[in-house]
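Novice: Sequences are here, hints too, so could you generate the full structure?
Remember, my numbering sits 429 above the position in the sequence shown when you count from 1.
Please keep in mind that the hints were generated in silico from the structure rather than gathered at the bench.
Honestly, I wouldn't trust all of these hints.
[To be verified] Here are the simulated SDA-like pairs of lysine to any residue, each with C-alpha atoms no more than 20 Å apart in a straight line: (1) K541 to D522; (2) K485 to L546; (3) K541 to H488; (4) K541 to G525; (5) K534 to R577; (6) K485 to T544; (7) K485 to D556; (8) K541 to R502; (9) K580 to D522; (10) K541 to R492; (11) K534 to G555; (12) K534 to M585; (13) K541 to K580.
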Amino acid sequence: FMGGGAVAAGVSELDYNDAGGATLVAGLLATGSHSGPRREELNTSAIHDTLTHLVKRRHLVDRLAEAMRQADRHGRPLAIGMADVDFFKRFNDRYGHTCGDMVLKEFADVVKSGTRLGVDIAASYGDAEFMLILTHTDLAGGGEMDDRNRKSVEEMDIVDEARHLSVRGAYGGHQYEPG
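Specialist: Written as structure tokens, this is what we have:
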């Protein structure tokens, strides 16, 4: 995407080890300690962020590896993009965590809105960072999504105590070349 290039097959910088909650949830699911609706709730919370409803980073690694295998199999490029809320910590400190949560939710909604259901992946990558995996999409296609997301974020109407707050984002990405 903006300022991007090709990325090698290795994605070691995405490796993530959560020795806490995910291990506990996985253990409960594996032993069948919970069933029915509660089991589904545990499974969903292990994979999706509760605020943004996007896939969590630890699940993203598996999804990215699968998307790269599919790109190799089909001989089609894969666009991998990052989006970040500009100056989020300063924004969060100035207006409070409730307002910060509204910004994250709205920003995540924008990021997800441009994805194709069942084809692309939008994930929570860090505190105010998001990752997009766009299958069968080249760098130019990823850049077009960046442009649409940038416009949508700039049009977001975040209201806090009768103040209309302006939010900006930073965007970038790379193209994975199959092979």
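Novice: Return the numbers of the hints above that this structure violates; sort them in rising order.
Specialist: 1, 4, 8 and 9
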